[in-house]
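Note that this note's numbering has the sequence shown beginning at 6, numbered continuously upward.
The set of hints was computed from the structure by calculation and includes no laboratory data.
Virtual Cβ for every residue (Gly too), placed ideally from N, Cα, C.
Among the hints, a few may not be true.
To be verified - Computed beta-carbon distance windows for the label pairs:
{"hint": "1", "residue 1": "Met52", "residue 2": "Gly31", "range": "23 to 33 Å"}
{"hint": "2", "residue 1": "Leu40", "residue 2": "Gly60", "range": "26 to 36 Å"}
{"hint": "3", "residue 1": "Gln55", "residue 2": "Val33", "range": "26 to 36 Å"}
{"hint": "4", "residue 1": "Gly31", "residue 2": "Gly60", "range": "40 to 50 Å"}
{"hint": "5", "residue 1": "Thr58", "residue 2": "Trp37", "range": "30 to 40 Å"}
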Amino acid sequence: MNEEDKKSNDTGDEGEEYQEWTPEPGKVGKFWAWLFLAIIGVVIVWMIFQIFTPGGL
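Can you make the complete structure from the sequences, with help from the hints?
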């Protein structure tokens, strides 16, 4: 039963969802792009705090 369940998961939506997180060349680039965007977002928020707080952080 377990082996059949694993096969059905591989072909089903869960299998596709798992495939998104496998480290393929294109997917790794997407991960670094999101990481880069997250860092930029943090820097922008930090700059806004620097501008609007009298003493800075």
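Evaluation of the provided hints:
A hinted range of 23 to 33 Å for the beta carbons of Met52 and Gly31 is consistent with their spacing of about 32 Å. For the pair Leu40 and Gly60, the supplied restraint of 26 to 36 Å holds, since their beta-carbon distance comes to about 31 Å. A C-beta distance of roughly 33 Å is found between Gln55 and Val33, which places it inside the suggested range of 26 to 36 Å. In this structure the supplied range 40 to 50 Å holds for Gly31 paired with Gly60, their Cβ-Cβ distance being about 45 Å.
The given range of 30 to 40 Å is respected by Thr58 and Trp37, whose C-beta atoms sit roughly 31 Å from each other.
This entry satisfies every hint, going by the numbered hints stated previously.
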